[in-house]
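Participant: Here's the letter readout for the chains.
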Amino acid sequence: MSKARISPLRSGFVHLALAGYTVVALFPVVLTIFNSFKDKNAIFRTPLALPTAETFSLIGYTTVLKQGDFIGYFQNSLIVTVVSIFFALLFGAMAAFALSEYRFRGNTLMGLYLAIGIMIPIRLGTVAILQGMVAAGLVNTLTALILVYTAQGLPLAIFILSEFMRTVSDDLKNAGRIDGLSEYAIFFRLVLPLVRPAMATVAVFTMIPIWNDLWFPLILAPGEATKTVTLGSQVFIGQFVTNWNAVLAALSLAIFPVLILYVIFSRQLIRGITAGAVK
Amino acid sequence: MGSLNLKSIRKAFGNHEVLKGIDLEVKDGEFVIFVGPSGCGKSTLLRVIAGLEDASSGSVQIDGQEVINTPPAKRGIAMVFQSYALYPHLTVKDNMGLGLKQMGAPKAEVDAKVAKASGMLSLEPYLARRPAELSGGQRQRVAIGRAIVREPKLFLFDEPLSNLDAALRVNTRLEIARLHRSLKATMIYVTHDQVEAMTLADKIVVLNAGQIEQVGSPMELYNKPANTFVAGFIGSPQMNFIEAGKLGDSKAKTVGIRPEHITLSRESGDWKGKVIHVEHLGADTILYLETEVTGLLTVRLFGEHRYAVDDVVYSTPDRASMHRFGADDRVIV
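Same order as they appear, the protein sequences are chains A and B. For the first sequence, the positions run 69 to 347 when the numbering used here is used. For the second sequence, the positions run 3 to 335 when the numbering used here is used.
If we strip away everything but chain B, and leave its shape as in the complex, we get:
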């Protein structure tokens, strides 16, 4: 239970095409993350899956059943929203139980499921409170609880962590990962934060301008980006892109090298340059160099390093970790 199949989904608002033909298969129990810059259509795609937005054309199948004409409540999905979207006039308990109650489930069953979900999320002390009396993190847990109670075939998350502060975000991320493991449910999750995508996903779908750029596991995307967009989007700090001509490579247009795949030396190396800025993060040191060959170059060193602005350094890329992209921005294998 819980597979999803999208076939050439298109969505246009007036003349503006937001989704330009999306094909995707999600297997039962997978954690899939849609990631991409704002305006790439990832939230719209999620809304199409939920049935909150009608697709202009294409087909949505949940568990092999066409649901394009099924209302959201009958699709067997549950959704967690960025703004929590809790019912302000209902208690936590009623918020969580409303969906089941609407389906006509007996009260005892609703109570049991609410109790189970609130136990999983340690929400028991707050069951009688209203959303206004909860903190942001608690509210988001209630929203997740509301989704669990419905026992859906498909969990949909729409940027659920964006409104939380950094520490809470890490905790809630952990909680969602644990939840996925214990529920073994299919989850689809939208975010613009690539760290969330890398840490949570079984499979990442990178979207750009209404199209899928690449689908793959986090490490596949990191190690084998299919094009410059994915290469630049996944990984932080961003991959360095160098004009291939500067390196004497006539077949490729661009060469990419990740900041962590460059070594530094004060004595000798491939590219001589000057340090223009240093960021000390403790575990990492990030250096920005202006080199004679490549121009601006970001280098990530592990641990603490004593480089200062205006130091002259030599950087050497790890040839095996270089990515070569052709004139169409696709990778050359």
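Just chain A, with the same shape it has in the complex:
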């Protein structure tokens, strides 16, 4: 009996391409982590080599942990990222629900207006934002960062979620209305669980730029108590001398929280997709 199968040559090429991409994507990350465990000379002399018994050094990590309040920086970054994602998702989903569910004058226009932020970077408004924060007395607070990042995440969240919410069956929402569910109950109990995969996608897309951002922490919250990880690592980069061990160690440490968040969301993503497929 003949069996339909992919020729080994073809699948070999596919795997070669995938492996090649993986190497390219992971190379800088792996290099950063390896070099963070080497002493300074080894970093420059043999940047591509693995740390050996002679070159192994934890000097970077000890510097990072000694100098400045790195645990505090991590905490700040996590708080800002998680709270911003939460608000961006909550308000984004609510706006998306209104846009997709209710017929009102100016609906399309409102949708376009809310999506403009995808095309115009929020950084263009930095001066005005800074003035606003100064006036509101929010400079050097995490609240300032959370507000800005929530605003930054909203356009994409609204854009993606409103498309997804249009696919949720009208009959289902109407059944809820007849059963006496309020519009809020319909939103939270019927619609949100059904668009969970889209929420996870939006969360991932929102999270990474926030975690990696240097611009707004530098401008709005440069104080010691509100420094984020990206800003905190900048102390090791000087105009004349850069402490590469410490920079690499800080960067390696900064990868992990975001990796963990990503794993959580992407699992949701996959679970959402398969749950939809078997229904």
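One or more of the hints may lead you astray.
[Unchecked claim] Here are the simulated EDC-like cross-link-like pairs (lysine to aspartate or glutamate), alpha carbons at most 20 Å apart as the crow flies: (1) B/K274 <-> B/D331; (2) A/K241 <-> B/D65; (3) B/K76 <-> B/E153; (4) B/K76 <-> B/D65; (5) B/K103 <-> A/E169; (6) A/K241 <-> B/E55; (7) B/K76 <-> A/E251.
Don't read these hints as lab results, they were simulated from the structure.
Model the placement of chain B on the given structure of chain A, informed by the hints.
Facilitator: Positioned in the frame of chain A, the structure of chain B alone reads:
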């Protein structure tokens, strides 16, 4: 309990008028079916009754009470949707009980009503399952059960059988008919399938382009269609329409004759013609003729008949069953 009164209901989406003044009275315990081609406004009308869609003008009275400003949950209605619309994250039991729970009914009462409804629909083995673990027919039964549990004044069905396969459709149809008899509740049912309408309804409302064409019992519509639209819509295969002039009738514009009211003979008859297609259905034989007088003519014979394509036959209409329509497409009595 359970009468419905509609007065000059109008509904427009932008400039497009979907309902053009609907007046209708439904008595307590009646099974009323809205039937019509797609886009005729029957689903919109049902949504207006349910309160899911606001009427542009007009009044909706349930049990003599104006409900036009009452939210759907407070109108005392229950609705069964074409796509079942079960809550995917709740079990069958919770799906059925949610409405009562929202109204604040005590748990024991909810449980008792759910148990009763699931008994009626033989859903007991599935109470703990989620909708995703049920077949299409079971899901639709759960949706019907959810409506029963609420003990509404008015049941609304929005094409509930369209998503089921043919065999299941007949079974579920039977179940709905039995349910109507045992609950004695008022039911309003929307469908585009005239067989469903004929078999279930006490009263059929034929809608076309946002207006009521005729209201009547199934046999009234079949025997005394008020106009060409109703005549053509009710009955399958469709009624034959013949230009009255061809038959020497100068007063009427069109003459209608149902395929089952024509007899065939190989020897003699009124209209000579040739068989162009034959459909053998076992119980019926449907013939399509091209006759010299009338043009294309559909004839339905009961039982099996051995006619072949290109056979020459004579067809004779039953004069008493002919319908005559005037220039305005209305029937001439």
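Participant: Does each hint hold? Answer for all of them.
Facilitator: Hint-by-hint comparison with the structure:
For the hint pairing B/K274 with B/D331, the CA-to-CA distance comes to about 27 Å; that exceeds 20 Å, so the pair is violated. Only pairs whose Cα atoms come within 20 Å are accepted, and A/K241 paired with B/D65 is rejected, the gap being roughly 26 Å. Between the alpha carbons of B/K76 and B/E153 the distance comes to roughly 13 Å, so the proposed pair stays at or under 20 Å and holds. Distance hint between B/K76 and B/D65 is fulfilled; the C-alpha atoms sit about 13 Å from each other, no more than 20 Å.
At roughly 25 Å between alpha-carbon atoms, B/K103 and A/E169 are farther apart than 20 Å, so this suggested pair is violated. A hinted pair counts as satisfied when its Cα atoms are at most 20 Å apart, and A/K241 with B/E55 qualifies at roughly 13 Å. Of the pairs offered as hints, the one joining B/K76 and A/E251 holds, with about 15 Å between alpha carbons and a cut-off of 20 Å not exceeded.
This entry does not satisfy hints 1, 2 and 5, going by the numbered hints stated previously.
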